[in-house]
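Colleague: Listed below, chain by chain, are the residues.
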Amino acid sequence: MRHATVLMLICACLASIPLARAADPILIGDVSSMSGPLAVGGVPGRQGTIMALEEINQKGGVLGRPLQLVTRDDKSQPEEAGKVFRELAAQGVLLVMGTSGSATTAAMNSLARELKLPFFTVLGYSRFLTEEAGHRYFFRLITNDRVFGNAVAEAMAKQPQTKYCTIANDFAFGRDITRVLMTRLKELKPGAEVLSGCEFWVPLGTTDFTPNLTAILARRPQAVMFGGLVAASAPAFVKQGKAFGLFKDTVGVHPSLGMPVNNAGLTSKDDVPEGIFTGTDYVYPPVPTPASRAFYDAYRKRWNQLPTEQAANAHTTLRFIVKAIEKAGKADREAFITAAEGLGIDHPILGDIAVRPFDHQSTAGWWMGYLTWDETHKRAGIRDAKYLKGDSYLPGKEEIEKLRSQKK
Amino acid sequence: MLIGLQIVSGLVSAAILFLLASGLTLIFGVCRVLNLAHGTFFMLATFLAYAGTLLFADTSANFWLTLVLAPLVLAGLGALMELALFRRIYRADVLVQLLPTIALIFIFADVIRFIWGLESKTVPFPGGLPGAIVVLGVPFPSYYAVIVLAGALVAAGLWVLVYRTRWGILVRAIAQDRDMSAALGINERAIYTGVFALAGWLAGAAGVLSAPLAGAALGNDVDAVIDAFVVVVVGGLGSIPGALLAALLVGMVRSFGILVIPQFAMAFVFALMALVLIVRPTGLLGRRES
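Chains A and B, in that order, are what the protein sequence lines are. Using our numbering, you'd call the opening residue of the first sequence number 1399 and step up by one each time. Using our numbering, you'd call the opening residue of the second sequence number 586 and step up by one each time.
The hints are simulated quantities; they were obtained by calculation from the structure and are not laboratory data. Please note that a few of the clues may not be correct.
What the hints assert, rightly or not - Here are a few chain B residues that sit away from chain A, every Cβ distance over 12 Å (derived from the structure):
| # | residue |
| --- | --- |
| 1 | Gly-753 |
| 2 | Thr-778 |
| 3 | Arg-839 |
As the list claims (entries may be wrong) - Not the full set, but computed from the structure, chain B residues with beta-carbon under 8 Å of chain A:
| # | residue |
| --- | --- |
| 4 | Ser-594 |
| 5 | Lys-706 |
| 6 | Leu-798 |
To be verified - Okay, the calculated bits of chain B under chain A, using three or more residues with CB under 8 Å as the criterion:
| # | region |
| --- | --- |
| 7 | 665-674 |
| 8 | 680-686 |
| 9 | 692-705 |
| 10 | 866-872 |
From the three backbone atoms N, C-alpha and C, an ideal C-beta is built for every residue, glycine too.
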């Protein structure tokens, strides 16, 4: 009797194998910052990814197989990111995506090359990742700081201001964006200068800007570039600067303060001065296109929260991945890469973007405008928003090759 | 003009530093515990300031009401921590004393994250204040005067409390010689709980007062305790007048440091700490262990 049951079970198992294989899910790894300081971006990013996954599986998955996420938390730490990336590789995922910042992405960038496992960053905006450090296994659907630094520099070059002060958090991104923007500005507008002794670097996490503000005010600059202030530093500087009347006669410039994740700390109308020149890849109030409205409604319905740029970017990234797998016709890493190169996708806010074949950076651009208060959503937003495509600010094929060979 | 402005802004920084550091130094002076969770109390107060100003949003006195209530909550929490945790570790090894305070940092950070989420918050400036006060041609928001005034008032209040009241005499007696005080029949347990409550109140006041300027953000706990620690070390562990002097010094070094080499303003502060430790290992006004 027992033998018979066992035999029957074995038969049942054998019989079900071909069936199980046909419905075998395609595994996609997701390493996002779900805890630590970058979780402000990582959590909505993961939610955008899950939303896209549900939509894709509802439509029958990809190549007749369902999509399955294997998720990890990098805790906003590069060492942890490297560790969990290796775990995912061992689990046999087809590729990895992640709403993970520039430092954690850099750790995974080199591992992606070593393990020949494609990786898509959704939060690493540092240009370095696709330029000097770029390679066959690294992709980015979001834009990078070269694009928005240069776009804002060109817009400011057309303005009358020439006397600048700069202030930034003293870390890689803070230094990078300040250098990119001020160098480009001086190229385009030779009269532009940073006033002597008016270049400030403050530690990450600084929230008392009183001594910096008095020093800046005493020098009477025409513009203050504070694009390198991030996290809690940016809203604290804006608020204290407003209290000192800094933004009355001085133009504030912060290329990415328009991003919901960067201005979420400005929680009251009184804290938002009018007229800081800034930009974003998710606009509040939302862009009035059907695609943007549809994404906004779907996200609010699914998560009961306001969408952010990470949500839209992660959603678009997973949809892009699926499109490339379909084009490749099989779940194979090398075939996937070939299919992904040059492939386009519709982004709900940035419109049609495509992955450039020679550096795997997308042509995603940047919305620019002036910081304001969005009364409908009770949060900061931008007014007079204009979209600039990313293509014209990105380096060409030859320059990319030069940058990459210099590194070696 | 620039020098005058930097003195004023240094004073503002010093006021917050003193409020923050006085509680830490008080606990160390009396209870001989380094409470690394002091910055966590400060951060909790900034979030309470955010919640309080929203809760009482229909009155224009919402901020002032919060300023009265939130430090009391923190005082209660401080007393509770002493009763539940610190009282058990006074005689323990230094490392054993530090570990639970580090645990508190993580526990409260997660609690705050759970309640208020990940995003940093801003707290509006309190209503009912006059407009800017013009100092040397620069309009200082009048709220800065409130902070400097509060710093001065708390310093004076602490002085009266410690040097002019019976409770202060007992506190100083315990700080000087714990065993002798116990032998004389002083109820040291009640004093310890009182000291933790007072330190909680001070951290609470510092947090609420700084919230309209700096907002509330996760991660401020560690930054705050490092700032406070620098001030306490420079001033002398356990010395309140030392904390006042050191807060003024650190505030000025920061304020003038950025004029000399902007990116090294923090390094100047730590250089000051190293210098003080070399010249006077017990801090400026610290006394040698007996």
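Colleague: If a hint holds in the structure, say so; if it does not, say that too.
Modeller: Each hint tested on the structure:
1. Gly-753: 31 Å, holds
2. Thr-778: Answer for Thr-778(B): holds, closest chain A Cβ roughly 32 Å.
3. Arg-839: 6 Å, violated
4. Ser-594: 4 Å, holds
5. Lys-706: 5 Å, holds
6. Leu-798: 6 Å, holds
7. 665-674: Coverage by chain A is violated here, the residue count being 0 at a Cβ distance below 8 Å.
8. 680-686: Three-residue rule not met by the region 680-686 of chain B, so violated; n is 0.
9. 692-705: Answer holds; 3 residues pass the 8 Å Cβ test.
10. 866-872: violated (count 0)
When held up to the earlier numbered hints, the structure conflicts with 3, 7, 8, 10 and fits the remainder.
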